[in-house]
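**Student:** Construct the entire structure; sequences and hints are all you get.
2 protein chains.
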Amino acid sequence: MEQLIEKIKNDGSVLSSSILKVDSFLNHQIDPDLMNEIGSEFARRFSGSGITKIVTIESSGIAPAVMAGLHLQVPVVFARKRKSLTLVNDLITASVYSFTKQESNEISVSSKFLSENDKVLIIDDFLANGQAALGLAEIVNKARASIAGFGIVIEKGFQDGGRLLREEGYRVESLAVIHSLKNGIVEFEITEEGKAELTR
Amino acid sequence: MEQLIEKIKNDGSVLSSSILKVDSFLNHQIDPDLMNEIGSEFARRFSGSGITKIVTIESSGIAPAVMAGLHLQVPVVFARKRKSLTLVNDLITASVYSFTKQESNEISVSSKFLSENDKVLIIDDFLANGQAALGLAEIVNKARASIAGFGIVIEKGFQDGGRLLREEGYRVESLAVIHSLKNGIVEFEITEEGKAELTR
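Residue numbers (numbering that gives the first Met the number 0), protein chains in the order written: chain A, 0 to 199; chain B, 0 to 199.
For the record, the hints were derived by calculation from the structure and aren't laboratory data.
Check each hint, because a few of them may be wrong.
[Claimed, not checked] Distance condition first, Cα-Cα at most 25 Å in a straight line; then the derived SDA-like pairs of lysine to any residue:
no. : chain 1 : residue 1 : chain 2 : residue 2
1   : A       : Lys111    : B       : Lys20
2   : A       : Lys6      : B       : Thr51
3   : B       : Lys20     : A       : Ala142
4   : B       : Lys20     : A       : Leu14
5   : A       : Lys20     : B       : Glu57
6   : B       : Lys111    : A       : Lys141
7   : B       : Lys80     : A       : Leu14
8   : A       : Lys6      : B       : Asn116
9   : A       : Lys111    : B       : Gln72
10  : B       : Lys111    : A       : His178
11  : A       : Lys20     : B       : Gln72
12  : A       : Lys8      : B       : Lys6
13  : A       : Lys20     : A       : Tyr96
14  : A       : Lys6      : B       : Lys111
15  : B       : Lys100    : B       : Asp32
16  : A       : Lys80     : A       : Tyr96
17  : A       : Lys111    : B       : Asn116
18  : B       : Lys80     : A       : Arg170
19  : A       : Lys20     : B       : Asn9
20  : B       : Lys20     : A       : Gln72
21  : A       : Lys6      : B       : Glu57
22  : B       : Lys6      : A       : Arg79
23  : B       : Lys111    : A       : Ile184
24  : A       : Lys111    : B       : Leu90
25  : A       : Lys6      : B       : His70
26  : A       : Lys100    : B       : Gln72
27  : B       : Lys80     : A       : Ile184
28  : A       : Lys20     : B       : Lys8
29  : A       : Lys80     : B       : Lys181
30  : A       : Lys141    : A       : Arg170
31  : A       : Lys100    : B       : Asn9
32  : A       : Lys80     : A       : Ser145
33  : A       : Lys111    : B       : Lys8
34  : B       : Lys181    : B       : Ile146
35  : B       : Lys6      : B       : Asp32
36  : A       : Lys6      : A       : Phe157
37  : A       : Lys118    : A       : Leu90
38  : A       : Lys80     : B       : Ser109
39  : A       : Lys20     : A       : Glu57
**Tutor:** Rendered as structure tokens:
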């Protein structure tokens with residue numbers, strides 16, 4: 000998605016060979032116009048897939064997910080992260096390991112918002128090692144709903160998440176795929192419309 | 000806001016004389032169309048106020064704030080909640096006491112996203128005792144930005160937050176004000192256009 004790639008080039012900052020900071024428009028400060036375009040693009044890519052619900056995870060997934068929900072005209076549910084395992088009725092849960100924090104967190108969705116009749120689009124801001132995405136998939140599967148695919152704003156193509164999801168047979172639509180962050184330079188994989196080249 | 004009041008009447012559930020559950024459209028599952036209408040209404044009420052930025056708090060404030068940002072054409076910043084006081088550079092912080100959890104949490108915004116030239120609209124899903132709202136105001140004030148007002152989706156009129164904010168001279172625009180939740184019935188204050196009556 001050209002508009003997103005330009006935004007990353009102009010406003011993203013490379014903190015290390017694995018960390019891209021996009022807190023000026025995606026995960027701390029949010030650019031509502033860009034979120035609207037992102038939501039529209041997810042809706043375009045998944046139109047005709049019979050999506051009935053979007054599932055995302057707090058907090059940074061919410062803005063792109065709500066815009067996609069507006070364009071697809073379906074409700075959005077965001078999974079909550081909880082540190083403690085307090086017993087609450089009717090919650091579907093999954094455990095998500097964070098490599099950064101080296102700890103597991105429980106994520107949960109109320110069972111009343113997912114049913115076996117739902118066809119779910121899972122949206123998140125980043126796809127890196129895929130642990131959060133797999134946790135969301137686990138929750139949707141536990142609810143016996145089906146997964147139409149994953150809508151990812153930024154995929155770190157040099158980490159394992161995208162491969163893991165695609166190997167499990169999931170459709171993954173990433174609006175920007177980063178090939179490398181080496182030497183402080185963002186190198187993108189351009190995969191739209193069958194092309195597979197690199198740009199900086 | 001009539002559409003919101005109807006939604007609360009139809010889909011909200013009263014858990015006690017102080018707790019209204021709206022997790023089917025506002026703070027767990029989200030209704031994107033309603034959020035869009037809410038954003039449009041905040042934009043209408045604060046049009047001409049010279050708003051340059053919206054500040055909210057994760058997670059439930061994000062959806063209405065981003066829609067308001069889309070309609071007002073300004074960026075949105077969401078404050079993060081953190082349990083620990085790890086030292087991070089360039090963060091503006093405030094301490095927010097939760098009466099429910101009986102603990103204080105630190106909320107923070109990166110200083111680079113607020114400046115003395117900003118005129119800020121603070122948006123949140125609920126206004127109850129006002130602690131989160133006052134914490135957000137503290138952060139905006141610390142950044143020497145000015146506060147144009149508060150946009151609240153649901154105000155619990157029977158708790159102190161609204162009074163506290165208005166006594167400090169802040170403009171508070173609440174789209175639905177709840178007068179009482181007694182006996183399992185939601186009673187609203189109708190305050191739009193100068194009227195002050197009650198409806199159930």
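**Student:** Which earlier hints turn out false for this structure, listed by number in ascending order?
**Tutor:** 4, 6, 9, 10, 12, 15, 17, 18, 19, 24, 26, 27, 28, 29, 31 and 34
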